[in-house]
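**Q** Residue-level listing of the chains:
Protein chains: 2
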Amino acid sequence: MDFFRTFAAPVALVALAINPAEADAQATGSTNPQAERALSEDTIAYDFVEGITTEVGPRQAGTEAEARGRVWAERWLTANDFTNVADEPFMMDTWVRGEEEAEIVSPFAQPLAIAALGNSASTGPDGITAEVVYFPTYAALQAAPEGSLAGKIAFISHAMSPTQDGSQYGFAGPARWTGPSLAASKGAVATVIRSVGTDYHRNPHTGGTTFAEGVEPIPAGALSLPDADNLIRMFERANGRAITMKLVLTPRLLGETQSGNVVGEIVGRDPSLPPVLLACHLDSWDLGTGAFDDAAGCGIVAAAAKHVAEAGQPLRTIRVLFAGAEETGLWGSKAYAAAHADEPIAVALESDFGADRIWRFDSNFTESNPDLYRRIAAAVAPFGVAPSAEVATGGADINIARERGTAIIDLQQDGTRYFDLHHTPDDTLDKIDPAQLRQNVAVWTAVTAILANEPRPIKPSE
Amino acid sequence: MDFFRTFAAPVALVALAINPAEADAQATGSTNPQAERALSEDTIAYDFVEGITTEVGPRQAGTEAEARGRVWAERWLTANDFTNVADEPFMMDTWVRGEEEAEIVSPFAQPLAIAALGNSASTGPDGITAEVVYFPTYAALQAAPEGSLAGKIAFISHAMSPTQDGSQYGFAGPARWTGPSLAASKGAVATVIRSVGTDYHRNPHTGGTTFAEGVEPIPAGALSLPDADNLIRMFERANGRAITMKLVLTPRLLGETQSGNVVGEIVGRDPSLPPVLLACHLDSWDLGTGAFDDAAGCGIVAAAAKHVAEAGQPLRTIRVLFAGAEETGLWGSKAYAAAHADEPIAVALESDFGADRIWRFDSNFTESNPDLYRRIAAAVAPFGVAPSAEVATGGADINIARERGTAIIDLQQDGTRYFDLHHTPDDTLDKIDPAQLRQNVAVWTAVTAILANEPRPIKPSE
Numbered sequence: 001m002d003f004f005r006t007f008a009a010p011v012a013l014v015a016l017a018i019n020p021a022e023a024d025a026q027a028t029g030s031t032n033p034q035a036e037r038a039l040s041e042d043t044i045a046y047d048f049v050e051g052i053t054t055e056v057g058p059r060q061a062g063t064e065a066e067a068r069g070r071v072w073a074e075r076w077l078t079a080n081d082f083t084n085v086a087d088e089p090f091m092m093d094t095w096v097r098g099e100e101e102a103e104i105v106s107p108f109a110q111p112l113a114i115a116a117l118g119n120s121a122s123t124g125p126d127g128i129t130a131e132v133v134y135f136p137t138y139a140a141l142q143a144a145p146e147g148s149l150a151g152k153i154a155f156i157s158h159a160m161s162p163t164q165d166g167s168q169y170g171f172a173g174p175a176r177w178t179g180p181s182l183a184a185s186k187g188a189v190a191t192v193i194r195s196v197g198t199d200y201h202r203n204p205h206t207g208g209t210t211f212a213e214g215v216e217p218i219p220a221g222a223l224s225l226p227d228a229d230n231l232i233r234m235f236e237r238a239n240g241r242a243i244t245m246k247l248v249l250t251p252r253l254l255g256e257t258q259s260g261n262v263v264g265e266i267v268g269r270d271p272s273l274p275p276v277l278l279a280c281h282l283d284s285w286d287l288g289t290g291a292f293d294d295a296a297g298c299g300i301v302a303a304a305a306k307h308v309a310e311a312g313q314p315l316r317t318i319r320v321l322f323a324g325a326e327e328t329g330l331w332g333s334k335a336y337a338a339a340h341a342d343e344p345i346a347v348a349l350e351s352d353f354g355a356d357r358i359w360r361f362d363s364n365f366t367e368s369n370p371d372l373y374r375r376i377a378a379a380v381a382p383f384g385v386a387p388s389a390e391v392a393t394g395g396a397d398i399n400i401a402r403e404r405g406t407a408i409i410d411l412q413q414d415g416t417r418y419f420d421l422h423h424t425p426d427d428t429l430d431k432i433d434p435a436q437l438r439q440n441v442a443v444w445t446a447v448t449a450i451l452a453n454e455p456r457p458i459k460p461s462e
Numbered sequence: 001m002d003f004f005r006t007f008a009a010p011v012a013l014v015a016l017a018i019n020p021a022e023a024d025a026q027a028t029g030s031t032n033p034q035a036e037r038a039l040s041e042d043t044i045a046y047d048f049v050e051g052i053t054t055e056v057g058p059r060q061a062g063t064e065a066e067a068r069g070r071v072w073a074e075r076w077l078t079a080n081d082f083t084n085v086a087d088e089p090f091m092m093d094t095w096v097r098g099e100e101e102a103e104i105v106s107p108f109a110q111p112l113a114i115a116a117l118g119n120s121a122s123t124g125p126d127g128i129t130a131e132v133v134y135f136p137t138y139a140a141l142q143a144a145p146e147g148s149l150a151g152k153i154a155f156i157s158h159a160m161s162p163t164q165d166g167s168q169y170g171f172a173g174p175a176r177w178t179g180p181s182l183a184a185s186k187g188a189v190a191t192v193i194r195s196v197g198t199d200y201h202r203n204p205h206t207g208g209t210t211f212a213e214g215v216e217p218i219p220a221g222a223l224s225l226p227d228a229d230n231l232i233r234m235f236e237r238a239n240g241r242a243i244t245m246k247l248v249l250t251p252r253l254l255g256e257t258q259s260g261n262v263v264g265e266i267v268g269r270d271p272s273l274p275p276v277l278l279a280c281h282l283d284s285w286d287l288g289t290g291a292f293d294d295a296a297g298c299g300i301v302a303a304a305a306k307h308v309a310e311a312g313q314p315l316r317t318i319r320v321l322f323a324g325a326e327e328t329g330l331w332g333s334k335a336y337a338a339a340h341a342d343e344p345i346a347v348a349l350e351s352d353f354g355a356d357r358i359w360r361f362d363s364n365f366t367e368s369n370p371d372l373y374r375r376i377a378a379a380v381a382p383f384g385v386a387p388s389a390e391v392a393t394g395g396a397d398i399n400i401a402r403e404r405g406t407a408i409i410d411l412q413q414d415g416t417r418y419f420d421l422h423h424t425p426d427d428t429l430d431k432i433d434p435a436q437l438r439q440n441v442a443v444w445t446a447v448t449a450i451l452a453n454e455p456r457p458i459k460p461s462e
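Here the protein sequences come in this chain order: Y and U.
Numbering follows the UniProt record's numbering, with no gaps: position 304 of the first sequence is 304.
Numbering follows the UniProt record's numbering, with no gaps: position 144 of the second sequence is 144.
Bound conformation, chain Y alone:
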């Protein structure tokens, strides 16, 4: 996942419409045998992640690797009895990484681990050598006078704690999302940020940055947390001496290249009813193999759809959307919305927050469909998933649903270790915990089974 809207958006609280006692009364065990079995036996999601990370690996948006990922996914969906499998192409602007090196030149010469941020400009092969100015927070950078960074490299640090709900992405994320643009607007020749992440390995966290209209892009990279801390210690020890950094980042813009959304369906008994849309994204950043972000999400939604079908053909069609090019600007989500503008959607869900346990369930129809909401809450309670008063807003790949005001459910995953791995080389298969992934699939199965067999329209609350 990359889209910051999820965490940056204000969340309105509504009264919880469920009677907890009622949910508990029903929650003596799962009433869905497929979900129950998935909890102990599902291998579909893990196999999906293992397959695509081993046979394709990184799948950066707009590259031939992403295209191989789509071919792989189409084959997988077809082999797993999905129908109407298709690769829906779209064009996008593509940025790719080049050489990347950072080193302190003086007074404490040593290399630092760095990765360019998506949309970073190039330093050219000879690099940029300049004095570093340290901002402990994004707010400190905001407070810097106009023009004060002329000829300097801005170093934006910040503190970030692991959170179960991932909410600190909204807190620390601006350093990456708009920090380089802000530094450029004040004259900086380059920006390095403390990675937006929570682990202490020498693996920088990449991710997209955006330069505001009228701001010329500058080179921008993320330091690993150990390197960012080291740089801060250098400032403490420099006794006023300038700290000079050499930065070599040579990313390139490839211009327009092709990406695509892969879709597949479990066709329902009544194809005239709007489908249940289950989304994830198939692209990944280039540094890791995109196991947590987001092969797992695609494995989860595909496994849930298959498990629902095991109980017999559902009433509604279940459509899976493996979106392309999420990480670099939600290209796939936008393309899907444009291509399917005239098709109704019953309800949309997205899985894009790793592969760990689901612990909370939000919807945007708690008040308007209390009966359906209660049934879903009761179905997920046996798996340790609590209802909440939050209003579901969905993620980046179901923009189509959010924009239209469609019904949405958010199955909130435990994100405590998500930002240890997010956008790093460490996002690999070995990080998947099979037991947590099975619980995740079980919950998705239970929820999808209810939604796909719901005969009435699902209207969100006003």
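Because the hints were derived from the structure by calculation, they are not lab data.
Where hints are given, some of them may not hold.
[As the list claims (entries may be wrong)] Here are the computed distance ranges between Cβ atoms for each label pair: (1) E213(Y) with Y200(U): 36 to 44 Å; (2) P434(Y) with Q164(U): 44 to 52 Å; (3) A386(Y) with A435(U): 49 to 57 Å.
[Claimed, not checked] Covered, in the sense of this in silico footprint (three residues per stretch, anywhere, with C-beta under 8 Å from a C-beta of chain U), are these stretches of chain Y: (4) 52-60; (5) 86-100; (6) 415-429.
Glycine included, C-beta positions come from ideal geometry on N, C-alpha and C.
On the provided structure of chain Y, position chain U as indicated by the hints.
**A** For chain U alone, coordinates are given in the frame of chain Y:
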């Protein structure tokens, strides 16, 4: 640490000469106030590690970075009231890393994280592209017929578990130490090994490899564990198709360059008595900042010497030896032995196994000096350090003592997470646990205080 002798050498067991009840009776609390205070208050060792990792960073043997490390260490020793501080130079053959890239070309194209092994040959800038042959163990490679690897890249995997005593380094280490040479002798054009390590991050473990007399060196690199596992899964999924890898490793031999050993002393009241030698190594591999391996060891021995001096001038001189060029062939240890061939040593100890807690105490004079042994055992017992029946053999930096049959003590540190960090980019300051490091310093202080005030010669057992 690199020297494999520590774990590869057979260890003779002797009867335990201490009466545990007697040790327990004395172990109601530390009798050494300096050690006791170090346990809760020592900052010397941590500050040493913080200083050198921040102000110097990586200190690869024979490079200008190692030379800056020696200057830094000399200044530190002088500022911390050591006397006879010196940099004792020696010449060595120096190998340095170049570009390094590995990628699977077919059938499952993707990049793999790799680091060249010390003494690896170069592939040249265009790299080598060849079929990979998979050996699950070193023994499997040994069993391969002569000539069977002609034109191939050997991939040597192995299983390795974390161990408190680090003993699995001896079990898994041959894959790195002699695997590439063995593969070359059977015709291989290059070798990639599963890193000799226990973590699952995308940080390969470098380290030296040795080519046997008459075997032409070939390019040799280590894959991170996630990458090695990925490659194994590719073999499982290839259905007999050849797996082709492109490898670019361009290390260079710099020829002879200068390194040096840094020494310093707390001069004793009777300089005619042989000194207590406390050793560590100052060089590090280039990928990390060498915090665990082995800035911590130098911080520990220097802190212990200083704490002993706080109680007043000791009887014997305490000499600290910050050896140079340990990682790439024990050059400093050999140079020290040659330069100090005529000087007696009372007893030698080395710290080169990270910064975690000391849990066991071995000596090679348990039977010959039972009284001294008992006093040391009693002094360390309050810190949770148990005596053992193992015979101390020392480490790489006190070869001089082992070769001469000098008394040796091994203060065994907890190595459970040592091979998560060993020779990786992740060997950085943040991995130091200050509480464990203080315990370590306290134990060294208690032991050094006894040894530096021991009037009698300390003869090892026969």
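**Q** Take the segment 86-100 of chain Y, compare each residue's beta carbon with every beta carbon of chain U, and decide whether three or more fall closer than 8 Å.
**A** violated (count 0)
**Q** Can you tell me if the segment 415-429 of chain Y counts as covered by chain U, using C-beta to C-beta distances under 8 Å and a minimum of three residues?
**A** holds (count 5)
**Q** Starting from the hint 36 to 44 Å, judge whether the C-beta atoms of E213(Y) and Y200(U) obey it.
**A** 43 Å, holds
**Q** A range of 49 to 57 Å was offered for this pair. Does it hold for the Cβ distance of A386(Y) and A435(U)?
**A** 37 Å, violated
**Q** Check whether three or more residues of the segment 52-60 of chain Y sit with their beta carbon closer than 8 Å to a beta carbon of chain U.
**A** holds (count 6)
**Q** Taking 44 to 52 Å as the hint, is the beta-carbon distance of P434(Y) and Q164(U) inside that range?
**A** 28 Å, violated
Violation of the numbered hints given earlier is confined to hints 2, 3, 5; the remaining hints are satisfied by the structure.
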